[in-house]
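Asks: Below, each chain spelled out in residue letters.
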Amino acid sequence: IAGITQAPTSQILAAGRRMTLRCTQDMRHNAMYWYRQDLGLGLRLIHYSNTAGTTGKGEVPDGYSVSRANTDDFPLTLASAVPSQTSVYFCASSETGGYAYNEQFFGPGTRLTVL
Amino acid sequence: KNQVEQSPQSLIILEGKNCTLQCNYTVSPFSNLRWYKQDTGRGPVSLTIMTFSENTKSNGRYTATLDADTKQSSLHITASQLSDSASYICVVSSPEGGYNKLIFGAGTRLAVHP
Numbered sequence: 701i702a703g704i705t706q707a708p709t710s711q712i713l714a715a716g717r718r719m720t721l722r723c724t725q726d727m728r729h730n731a732m733y734w735y736r737q738d739l740g741l742g743l744r745l746i747h748y749s750n751t752a753g754t755t756g757k758g759e760v761p762d763g764y765s766v767s768r769a770n771t772d773d774f775p776l777t778l779a780s781a782v783p784s785q786t787s788v789y790f791c792a793s794s795e796t797g798g799y800a801y802n803e804q805f806f807g808p809g810t811r812l813t814v815l
Numbered sequence: 032k033n034q035v036e037q038s039p040q041s042l043i044i045l046e047g048k049n050c051t052l053q054c055n056y057t058v059s060p061f062s063n064l065r066w067y068k069q070d071t072g073r074g075p076v077s078l079t080i081m082t083f084s085e086n087t088k089s090n091g092r093y094t095a096t097l098d099a100d101t102k103q104s105s106l107h108i109t110a111s112q113l114s115d116s117a118s119y120i121c122v123v124s125s126p127e128g129g130y131n132k133l134i135f136g137a138g139t140r141l142a143v144h145p
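Protein chains in written order, with the numbering used here: chain A, 701 to 815; chain B, 32 to 145.
Mixed in with the good hints there might be a few duds.
As the list claims (entries may be wrong) - Which residues of chain B face chain A? A partial, calculated answer using Cβ under 8 Å:
| id | residue |
| --- | --- |
| 1 | 35 |
| 2 | 63 |
| 3 | 73 |
| 4 | 74 |
| 5 | 75 |
| 6 | 77 |
| 7 | 78 |
| 8 | 81 |
| 9 | 131 |
| 10 | 135 |
| 11 | 136 |
| 12 | 137 |
As the list claims (entries may be wrong) - In silico lysine-lysine, BS3-like type, Cα no more than 27 Å apart, as pairs:
| id | chain 1 | residue 1 | chain 2 | residue 2 |
| --- | --- | --- | --- | --- |
| 13 | B | 132 | B | 32 |
| 14 | A | 757 | B | 48 |
| 15 | B | 32 | A | 757 |
No wet-lab data here; the hints were simulated from the structure.
If you're wondering where the values come from, they're calculated on a predicted model, not measured in any experiment.
A virtual CB, placed ideally from N, CA and C, is assigned to each residue, including glycine.
Go ahead and model the full structure; you've got the sequences and the hints to work with.
Replies: Structural data, given as structure tokens:
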């Protein structure tokens with residue numbers, strides 16, 4: 701059982717370029733999330749999806765978009781990358797979303813550097 | 032403003048020793064409090080989850096406490112091992128606008144030395 705996989709592991713990107721971070725889970729979880737982790741700060745939620753076909757904005761959604769075409773995949777797209785988007789990005793999933801008392805399982809992360 | 036503050040920022044202890052990490056929060060409404068362990072270069076892994084009515088919860092050598100009145104939590108690690116070297120993150124959950132919002136602390140970086 702892989703759990704959550706993310707790709708790529710790391711990426712260096714020129715500013716202005718488009719980039720999609722991939723996330724796949726095999727636990728058949730309904731809810732999925734994207735976070736960014738910056739040095740000295742706690743993880744911050746970018747976007748979430750409580751179920752396939754729906755998405756919502758988190759705390760820091762600007763400059764990012766997501767889609768949830770099916771249960772397993774939740775890609776994060778940077779339409780035009782800027783240096784402030786340099787961060788480590790974590791995808792997570794939980795059995796359900798909403799107000800549920802559910803553990804979130806995290807992927808291994810993608811380290812993105814925008815120059 | 033909802034905040035989760037952890038102390039100390041970093042800690043070095045010798046193998047076999049005990050340690051306690053602190054977490055203070057100002058989050059309302061409160062749903063639950065979680066402690067995560069994050070190894071370097073990896074995603075966070077859940078250690079404990081406590082609701083408002085739970086005062087303590089253990090997971091092996093890890094024991095978390097919660098005082099909902101003072102809005103404080105602690106994570107006690109007993110008989111530390113080298114593999115305990117990691118960042119420990121306190122997370123408070125709060126229901127908000129259609130999802131269960133998690134407010135993350137910045138973490139305590141623990142180094143266990145032989």
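Asks: Of the numbered hints stated earlier in the document, which are not met by this structure?
Replies: Hints 7, 8 and 14 contradicted; others consistent.
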